[in-house]
Amino acid sequence: MSILPSLRFIYPELVLVGFALAAMMGATFVKRQSLIGFGALIGVVLGIFLLPVSFEAGPAILSSMLSHDSFSIFFRTVILLIAGLIVLLSIGDKEGNREDIGEYYFFLLTVTVAMMIAVSANNLMMIYIAVETISIISYIMAGFLKRNVISSEAGMKYFLFGALSTGVMLYGISLLFGLFGTLSLPGMMQATLTNSVNPAALTLSVILVIVGLGFKCSLVPFHMWTPDVYEGAPTPVSALLSVGPKAVGFALFIRIFVENIVPLNFPWVNLATVMAIVTMTVGNISALKQNNIKRLLAFSTIAQAGYIFIGLTVGTAAGTKATLFYLFVYTLMNVGAFAAVISISNSLKSEAIEHYAGLYKKEPFTAIALAISLLSLAGLPPLSGFLAKFFVLAAAVDAKLVFLAVIAVINSVIALYYYIRVVKFMFLHQPTGDFSTSRSVALTIALTVTAFGNIILGVWPHPILNWLTSLSPL
Amino acid sequence: MFPILSCLVFLPLIGALIICLLPNRSGRLIKTLALTVTGAALALSGVLLLRFDQSASGMQFVEQVPWIAQFNIWYFLGVDGLSVGLVFLTALLGFIACVASLGIENRIKEYFVFYLLLMTGMTGTFVALDLFLFYIFWEVVLIPMYFLIGIWGGPRREYAAIKFFLYTLAGSLLMLVGILVVYFNNNPHTFNMLELAKTTPVFDTHLQIILFMAFFIAFAIKVPIFPFHTWLPDAHVEAPTPISVLLAGVLLKMGGYGFFRICFPFFPEAAHYFAFALAVLGSINIVYGASVAMAQTDFKKMIAYSSVSHMGFVMLGLASMSATGLNGALLEMFNHGVITGAMFLLVGVLYTRAHTRELSQFGGLSGHMPVYAFFLTVMSLASLGLPGLSGFVGEFLSLAGAFPVYKAITIISIIGLIIMVGFFLYMIQRVLLGPLNPQCQKYADMNGQEIFALVPLLVITVVAGFYPLVVLNFQQSAIHILTGLLGGAF
Numbered sequence: 002m003s004i005l006p007s008l009r010f011i012y013p014e015l016v017l018v019g020f021a022l023a024a025m026m027g028a029t030f031v032k033r034q035s036l037i038g039f040g041a042l043i044g045v046v047l048g049i050f051l052l053p054v055s056f057e058a059g060p061a062i063l064s065s066m067l068s069h070d071s072f073s074i075f076f077r078t079v080i081l082l083i084a085g086l087i088v089l090l091s092i093g094d095k096e097g098n099r100e101d102i103g104e105y106y107f108f109l110l111t112v113t114v115a116m117m118i119a120v121s122a123n124n125l126m127m128i129y130i131a132v133e134t135i136s137i138i139s140y141i142m143a144g145f146l147k148r149n150v151i152s153s154e155a156g157m158k159y160f161l162f163g164a165l166s167t168g169v170m171l172y173g174i175s176l177l178f179g180l181f182g183t184l185s186l187p188g189m190m191q192a193t194l195t196n197s198v199n200p201a202a203l204t205l206s207v208i209l210v211i212v213g214l215g216f217k218c219s220l221v222p223f224h225m226w227t228p229d230v231y232e233g234a235p236t237p238v239s240a241l242l243s244v245g246p247k248a249v250g251f252a253l254f255i256r257i258f259v260e261n262i263v264p265l266n267f268p269w270v271n272l273a274t275v276m277a278i279v280t281m282t283v284g285n286i287s288a289l290k291q292n293n294i295k296r297l298l299a300f301s302t303i304a305q306a307g308y309i310f311i312g313l314t315v316g317t318a319a320g321t322k323a324t325l326f327y328l329f330v331y332t333l334m335n336v337g338a339f340a341a342v343i344s345i346s347n348s349l350k351s352e353a354i355e356h357y358a359g360l361y362k363k364e365p366f367t368a369i370a371l372a373i374s375l376l377s378l379a380g381l382p383p384l385s386g387f388l389a390k391f392f393v394l395a396a397a398v399d400a401k402l403v404f405l406a407v408i409a410v411i412n413s414v415i416a417l418y419y420y421i422r423v424v425k426f427m428f429l430h431q432p433t434g435d436f437s438t439s440r441s442v443a444l445t446i447a448l449t450v451t452a453f454g455n456i457i458l459g460v461w462p463h464p465i466l467n468w469l470t471s472l473s474p475l
Numbered sequence: 012m013f014p015i016l017s018c019l020v021f022l023p024l025i026g027a028l029i030i031c032l033l034p035n036r037s038g039r040l041i042k043t044l045a046l047t048v049t050g051a052a053l054a055l056s057g058v059l060l061l062r063f064d065q066s067a068s069g070m071q072f073v074e075q076v077p078w079i080a081q082f083n084i085w086y087f088l089g090v091d092g093l094s095v096g097l098v099f100l101t102a103l104l105g106f107i108a109c110v111a112s113l114g115i116e117n118r119i120k121e122y123f124v125f126y127l128l129l130m131t132g133m134t135g136t137f138v139a140l141d142l143f144l145f146y147i148f149w150e151v152v153l154i155p156m157y158f159l160i161g162i163w164g165g166p167r168r169e170y171a172a173i174k175f176f177l178y179t180l181a182g183s184l185l186m187l188v189g190i191l192v193v194y195f196n197n198n199p200h201t202f203n204m205l206e207l208a209k210t211t212p213v214f215d216t217h218l219q220i221i222l223f224m225a226f227f228i229a230f231a232i233k234v235p236i237f238p239f240h241t242w243l244p245d246a247h248v249e250a251p252t253p254i255s256v257l258l259a260g261v262l263l264k265m266g267g268y269g270f271f272r273i274c275f276p277f278f279p280e281a282a283h284y285f286a287f288a289l290a291v292l293g294s295i296n297i298v299y300g301a302s303v304a305m306a307q308t309d310f311k312k313m314i315a316y317s318s319v320s321h322m323g324f325v326m327l328g329l330a331s332m333s334a335t336g337l338n339g340a341l342l343e344m345f346n347h348g349v350i351t352g353a354m355f356l357l358v359g360v361l362y363t364r365a366h367t368r369e370l371s372q373f374g375g376l377s378g379h380m381p382v383y384a385f386f387l388t389v390m391s392l393a394s395l396g397l398p399g400l401s402g403f404v405g406e407f408l409s410l411a412g413a414f415p416v417y418k419a420i421t422i423i424s425i426i427g428l429i430i431m432v433g434f435f436l437y438m439i440q441r442v443l444l445g446p447l448n449p450q451c452q453k454y455a456d457m458n459g460q461e462i463f464a465l466v467p468l469l470v471i472t473v474v475a476g477f478y479p480l481v482v483l484n485f486q487q488s489a490i491h492i493l494t495g496l497l498g499g500a501f
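Those protein sequence lines, which keep their order, are chains L and D.
Everything in the first sequence is counted per this note's numbering, starting at 2 for the first residue and increasing by one.
Everything in the second sequence is counted per this note's numbering, starting at 12 for the first residue and increasing by one.
Hints may be right or wrong, so weigh each one.
Said to hold, decoys possible - The list that follows gives simulated cross-link-like pairs (lysine-lysine, DSS-like), each with its CA atoms no further than 27 Å apart: (1) D/418 to L/147; (2) L/401 to D/174; (3) L/147 to L/95; (4) D/209 to L/363; (5) L/290 to L/32; (6) L/425 to D/174; (7) D/174 to L/362; (8) D/174 to L/290; (9) L/290 to L/350; (10) D/418 to L/362; (11) L/95 to L/363; (12) L/362 to L/350; (13) L/425 to D/209; (14) L/362 to D/209; (15) D/120 to D/42; (16) D/209 to D/120; (17) L/363 to L/401.
No lab work stands behind these hints, which were simulated from the structure alone.
Since the model is a prediction, treat every value here as computed from it, not as a measurement.
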């Protein structure tokens, strides 16, 4: 298939590229900054409407570089949802950089395109290019507050860690190329059926790839950058980093390992079990001591990554489904929490948890929305976070990994302590100091969508479950 | 058919949602609405009792609708003799504690929203027949309870609230893993509690023992069984009076109910395996709870520890595995809910006047507050197990059921009973008898609202004491089935 007829399958991506360019140019002419944001939002919404058009694609398009199976459709939808929410958060953020607003939305929309390509990629070279694009844009966005030292430091730190880990991943990919003679994932599957591969070399190269993806998902021990970067980056960017690249990382884990390489005799389950346990435990225990809400959420996302990873560890269809459900719900919970943090920072000018005292009295809507997000992250029914955890645990128990489930629930008890601590300050304590309430429409929309999503999917998860069931190859 | 159970469960939730929409200032309206909703729930539960067929075995008022089909999860409700009494107890105490909550002046709207959410969770736990649904309701109780203790509680409320939350969550999450293991080890995979309680044991003995322990920890924390009881004194003492009533009256019963509904019928062989341990733990509860209560100078803490002691009788009756003991245990749960609910209300009456619960701050109230003295005396006598009042029947049946099996343990437990008599009488002496403490000079006797809340509890205590068959008739057939399941294992 030549390239031109394939283009219609990536209409959403093309539209986003167009809007990205328009945002950068438009910023020089348009004085009202929120207009640029709403322009970006229109681009994302248009992308969502165009997704169904690109659904009827074959398994291999654009010279077999991308595959548009049901799996990539799921993740492209999730990423567009993330992009939409992050645009809303960016519009509502008052602390952000006001000068380079055009560049900001340009980067935001381009990173969305890169993420959509990464989850559709069917070839390790394409995966690498997409991941590298995501990384480079993320470094810039993390350091986007250029007059702010902490933000610049965040960008620098993210860059140093990121460059190292993507480099290691590239090395792993080159080893895989040497072993299989191809970079296409289906091709590698084929090659394993006919040739025998040196198991030691395969293990080494797979571990190198895991380093790169583990960095994106902030799995322990590749998590060290997370708290500093989340704290320093503009909050909407922290929100993006906590869900976007993570979704991509997990998508690639599924694409590379669960779908393609796990059938090999690689001790995946043992390695993944250890990583899941260490990630949850380190994330939760480190979060206990945090006093900055963004650092707390950073460690919480590490712990959440550990729970999500359980679904991949078991490697069954049920596990993969649980992972996808968890990722969807996780997006709502985490973006919801960050949206509330932005709304509070706008009026409170502080990210210290003690300053959240009595927030319920001052800004009830935001406080309730944040509480719903946090309790959902803690996995309490009847919120959607509970169902997500339930499905992951069910997959683990079904695969006879009961001890992994037990460790996960012990971790959940630890996690409740730091989530409820924030709730305690907001609801149980008396307010201090003055406070100006001014929540923008964009943040109200984001908070409403995430909070109601958390409640509704907790009681009625059928839309997502049916969708996941219809994803045929899984 | 009219979905009476769904109405019972979700009426409070609807009430809570309506209150959410009301403005903050409409305190009177909110209180009226909450009273109406809990009153309606009480009326519904009365209808439930009247229409309940005592002779029928099996579930009644069943509602079954598929919920999450991928996991074979059903919205499945029903009551039988094990649960109908507890459903009524929940509705009754829910209404009475709501009357007692009318004095709340601080953050009225939030209080009643959480209060009604709590009602939904508690009622749902007793009527759910799908394990997943049961777990959801079980957990839904935690969040409102955390806020109710943490916002409206005493000086150490934050500590008590988080301790309660973490303790119960730790137990219930282990239960969640247990639920999943049950689900996947049963063919076909099911959460249906009736299927899982079939006469033929579904699981082999080894697995039963492990699963029994997973569920045991969750229920033992809730009951609470020594040594998992340390959250209870903190939570009971710090909670506002109406919430203490619900904690002691209903929440503790959720743990006991778990033994009746899940641990014993699902894992009968493990139940026999652990019976002796349960009996030992039960008698430790009785003696330890009573001894610690004896040493308390805080009125409320004393009642809290007396609950630990009373729940020991429930464990002892359960451990006997006999029809008599099981009947006694279930009856004791109902009676304890009524009596201890009343005791906490009585503590609250004094506390609203004195703003202290130190027993040494009272004295000679019998002449000064005769109505109060009457209620306190009758309820204390019921609580210590005076024949003719309801507390005696449950304790006697539990002991009578346990005696043929565990003679020594039963005798030790009776020693605990003597201690219990001791501290209740000692309390009456310190509060009611002797010369009038000058500080108590200005205390008024109980007002109409307080009397209104206590009269129904008093009537039930006396009626169920003289004619316990009123309650026992409801539970006989269900206990008969349960003994069949337990005996059928060997």
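Ascending list of hint numbers which this structure does not respect: Violated hints: 1, 2, 4, 5, 10, 13, 14, 16, 17; rest satisfied.
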